[in-house]
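Here the structure of chain A is known, so what remains is to put chain B with the ligands in place on it, guided by the hints.
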Amino acid sequence: MARIEALTGNESAARGAALCRPDIIAAYPITPQSSVVENLARMRANGEIDAEMVEVESEHSAMSVVQGAALAGARTFTATSAQGLALMYEPYFRMSTLRLPMVMALAGREMTSPETIWGGQQDSISVREAGWIQFYVEDNQEILDIIIQGYKVAENEQVLLPVNVCYDGFYLSHLIERVEIPDQELVDQFLPPRRAEHVILDPQRPMAVDPMTPGHLLMKYRRDHLEAMQAALAVIDAVDAEFGRFFGRRYGGTIETYRLDDAEVALITIGSTTGAGKEAVDHCRAQGKKVGLIKVRVLRPFPEQRIRQALRNVRAFGVIDRSVSFGWNTGALYQEVLAALGRSGWALPSISFIGGLGGADITLDHMLAAAEQVLALAENPRYDSPTIWLD
Amino acid sequence: MKLSDVFWETEDLVSPGLSACPGCAAELSLRTVLRILGPDTILGIPPGCMAGAGAVGWNRLSGVKVPVTIPLLDNTASLLSGIRRYYLRQGRKNVKVVAFAGDGATADAGFQALSGAAERGENIIYICYDNEGYMNTGFQRSSTTSKGSNTSTTPVGQLSQGKTQHKKDMPLLMALHDAAYVATISPAYTQDFVSKVEKAAVVRNGLVYLHVFSPCPTGWHFPPEDTISIARLAVQTNFFPLWEYENGRFRQTLAVSQPKPLAELIRRLGKFHHLTEAEIADMQDWVNHKTELLTRLFAAREDLAP
Ligand SMILES: Cc1ncc(C[n+]2csc(CCOP(=O)(O)OP(=O)(O)O)c2C)c(N)n1
Ligand code: SF4
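Heads up: the sequence lines are chains A and B, in that order. In terms of the working numbering, the first sequence opens at residue 1 and continues consecutively. In terms of the working numbering, the second sequence opens at residue 1 and continues consecutively.
Here chain B stands alone, though its shape is the one from the complex:
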């Protein structure tokens, strides 16, 4: 189906007027995800911007049109496991049980529960919107915050240049859990986005993990109208490569033949304004290293085939 038809024929299941900031990629992604997954979905949105913006709303007044609850910051995957198990037990396999969780709820507080659910092969669809920090509580650092970011818990000062560690690689970690399906998603590449969610919707043999890059104008300091171009640039610099993992194989879903320098992305984000040339070069090295690693994983697929 053409992309325009997909959007014409599906319903926006998120009510208008969520209180997310203008230009919020997470809200946009939530709308796209629910269009594709449809009304036969149960949604868990843990504490974070999307819950805070009212997606877990009051019946008929705000929020989403599917059943929704707010798990704890740290139990989304296990709470949803329980829901899914009961639906499977009742023979209602088509009810999709879906998490839409921030990176803090995913990579930090909720990581143990997610790891456990992935290892057990719980048949839930876990979507992480990665805005690189605890935005709802005031842009504190998370383990997926990029190195050098100026956050409220890694503030830049005379003795500090922001966060001192690189970003935790959540999608790769989930692939190494042998999750049934893992994919990275960018709101700037809608066709790729839609087809990955469509694929996720029919997985029945284990956990699905989707990692959505979510530029955050408020926390990262860029103009709200730039969200999509920032997301696109992140892919084109190889900062956020698009790939998927299934049946033990990694596959690149969008090849970047002429990657742009990372500095182009970094210079557009206020949270990096203090970074020196040397620090930017260090981040470029890290991106190069990650790209190399992924390239090998993509290439390894034939030899590794089970």
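If we strip away everything but chain A, and leave its shape as in the complex, we get:
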């Protein structure tokens, strides 16, 4: 029987990872992630999990240790935030380009400077071109569930890519919620042990991993990687459906829609601000305003077709970003959505909203104001709306 417990986001991440029976865990403390490693260390100390813990001296080594273990065939786990992610960038990029599956929890935090330790998504957003699959989740149950789904996606042989499970620092990492913890036996059935085939360091099967590679071959590897990303779109949806059959919870795969069917305008959210977004939609609906919501659950690979499909009947949309695109003077997700439309020769009136940086809150009032702006835009369509800051 599944158990119900009150867990913080970080506890949910640790419990989710533990259920996946990783062989090797290496992580280094950083706010707001630290209690993920602490929880795993405690479980290890009490004999509740059987993983090897490597108490590394930095995040660079954390990613390197799990990379070595994965090269030897292990299932591995780590977690970090912001500066830790930046420090590990070198082995991080290599994890995906060696096509080594793993799951890393990312408790999102704003990037320094200015000096900060509070939440934001600039850390994970900044590495969206590093070849990892990136999930963004809304609540603690989703953290736990998507870590389990994440391994299943990562180790799928059509995919073979590492997965980030990104959740908002503090807003989720330190928030306590009701979380249902599935049975270990059921998780074991859902997620069999990892079988490492394509690259392995083993004297019984000697091979050279990563010799100097000429451009034409490197391009083939990149192309395969891009194709694996595209294949992952369907795998993510399928794994979500299978997860639903096993555990009774589904998330909609790469995107989730909320009251969108007859909506005239849409708000697009990513991460935990979705909660305030849904509430704003309910408020608008109660007043007869036809607002719906799209939650982007997977940023990489970008669910281009499903986003287009979801937007096909709306007259305008707004994207709520918790990160910026420095060169565009907009939020980062906003540009992704525009690209999805533009690739089919289509444009819709839209607004980029930026808020929630450095731990600042995105409140219901912010969401309601954003909805009003988008409704007004639908009445007076234009394609050059300036970015609006939710501050």
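Keep in mind that the hints were calculated from the coordinates and are not lab data. Predicted model, so just to flag it, every value in this text is computed and none were measured. Among the hints, a few may not be true.
[Said to hold, decoys possible] Listed next, the stretches of chain A that the computed footprint assigns to chain B, with coverage defined by at least 3 CB atoms under 8 Å from CB atoms of chain B:
id	segment
1	22-35
2	49-57
3	67-77
4	89-97
5	207-216
[To be verified] Here are the simulated distance ranges between beta carbons:
id	chain 1	residue 1	chain 2	residue 2	range
6	B	Arg89	A	Glu57	14 to 24 Å
7	B	Arg89	A	Phe246	23 to 33 Å
8	B	Thr137	A	Trp389	43 to 53 Å
9	B	Thr137	A	Glu115	32 to 42 Å
10	B	Leu176	A	Arg178	43 to 53 Å
11	B	Thr137	A	Ala41	35 to 45 Å
[As the list claims (entries may be wrong)] Chain B residues, not near chain A, derived (Cβ > 12 Å throughout):
id	residue
12	Ser143
13	Thr153
14	Ala180
15	Pro224
16	Ile228
17	Asn238
18	Glu246
19	Ala255
20	Gln258
21	Arg267
Heads up, the beta-carbon is just placed ideally off N, CA and C, and yes, glycines get one too.
Coordinates of chain B with the ligands only, in the frame set by chain A:
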């Protein structure tokens, strides 16, 4: 076993035709190391001359005959820690996980990872071939480059006499990490070399650090056929003393009763040609000081015994 038997009975696990320069001590040492460690070895060779020369090769076409990968310049020790941990977890203790890394990857960019792995007691064999610089990228200085060296980032000019700092003492630093086994190795003293690698192969209680002196004809400017005599001279001048450290004790493995003047070594290396008598005397002082320090460490072993 006699040395000749060791070489007769072991296999050269490095393919012929690596593209290292003629007279490269690092390549020679890699061959010796792998002969002794044997096929049950996983090798990590970070960016540097040995990776660049093709030791991380294409299966069956070039490189080495054991599983091999190229870590990052700065994560060799941690990447190998992960591999070793997984082998220990699987109960395959006899698979040796070995780094063969340049001094830049060891003493500079990778030092933090190595220090961490040593402190945690990771059971890997970390071998540093010290050619005193970043050779693969064009002989730039590293922290183990000797003072006075003419390198491409410490070029000799009207205002410069080469590198201004003395060499970082990596083996001593690793001994002070309380690594399980630390040894200095010279390609000129093969018996000593072989027995230290044999010892390293069976260590199970922590990290092994082997520091191999690697004369580099191309970067140091001397004729390729002189590699071994240069290596020997480095030992005989006390510039590169041979010792080992285990269980908290330092032990000299080769006594030099009548050390030769350092100037004999310095005059044979083009990278030092510009040095004045005074500068050579300064380097001799440094060698004398290091020798004195080591002598005390060798002597301290009885009193320090745990
Ligand atoms: C992070 C990083 N910075 C710089 C480099 C470029 N680089 C490649 S090899 C090398 C020098 C390696 O020197 P060393 O470890 O002494 O080996 P050697 O070339 O002397 O054999 C450098 C700086 C790199 N590969 N990675
Ligand atoms: S430059 Fe020096 S270390 Fe590098 S391959 Fe040539 S001789 Fe060997």
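| query | Is Thr153 of chain B truly not at the interface, in the sense that its beta carbon sits beyond 12 Å from all beta carbons of chain A? | reply | 22 Å, holds
| field | Distal placement of Asn238 of chain B relative to chain A, Cβ over 12 Å | value | 34 Å, holds
| request: Please confirm whether Ser143 of chain B is truly not at the interface, meaning its C-beta sits more than 12 Å away from all C-beta atoms of chain A. | output: 19 Å, holds
| task | May I ask you to check that Ile228 of chain B keeps its beta-carbon over 12 Å from the closest beta-carbon of chain A? | result | Since the minimum Cβ distance to chain A is about 29 Å, Ile228 of chain B lies beyond 12 Å and the statement holds.
| request: Indicate whether the distance between the beta carbons of Arg89 of chain B and Phe246 of chain A respects the range 23 to 33 Å. | output: 28 Å, holds
| message | 14 to 24 Å was suggested as the range; check whether the CB atoms of Arg89 of chain B and Glu57 of chain A agree with it. | response | 21 Å, holds
| task | Report holds or violated for chain B covering the segment 49-57 of chain A, Cβ cut-off 8 Å, minimum 3 residues. | result | holds (count 5)
| Given a hinted range of 35 to 45 Å, is it respected by the beta-carbon distance of Thr137 of chain B and Ala41 of chain A? | With Cβ atoms ~40 Å apart, the hint holds.
| message | The output says Ala180 of chain B does not contact chain A. Does that hold with a beta carbon cutoff of 12 Å? | response | Holds, because the least Cβ-Cβ distance between Ala180 of chain B and chain A comes to about 17 Å, which exceeds 12 Å.
| Given coverage of the segment 89-97 of chain A by chain B, tested with a Cβ cutoff of 8 Å and a minimum of 3 residues | Contact hint for the segment 89-97 of chain A vs chain B: holds, 3 residues under 8 Å.
| field | chain A versus Pro224 of chain B - minimum CB to CB distance exceeding 12 Å, so not interface | value | Consistent with the label, Pro224 of chain B stays out of reach of chain A, its closest Cβ about 24 Å off (over 12 Å).
| said: Confirm or reject: Glu246 of chain B is not an interface residue toward chain A, with every Cβ-Cβ distance exceeding 12 Å. | reply: Holds: least Cβ distance 24 Å, greater than 12 Å.
In summary, the structure agrees with every hint in the numbered list given earlier.
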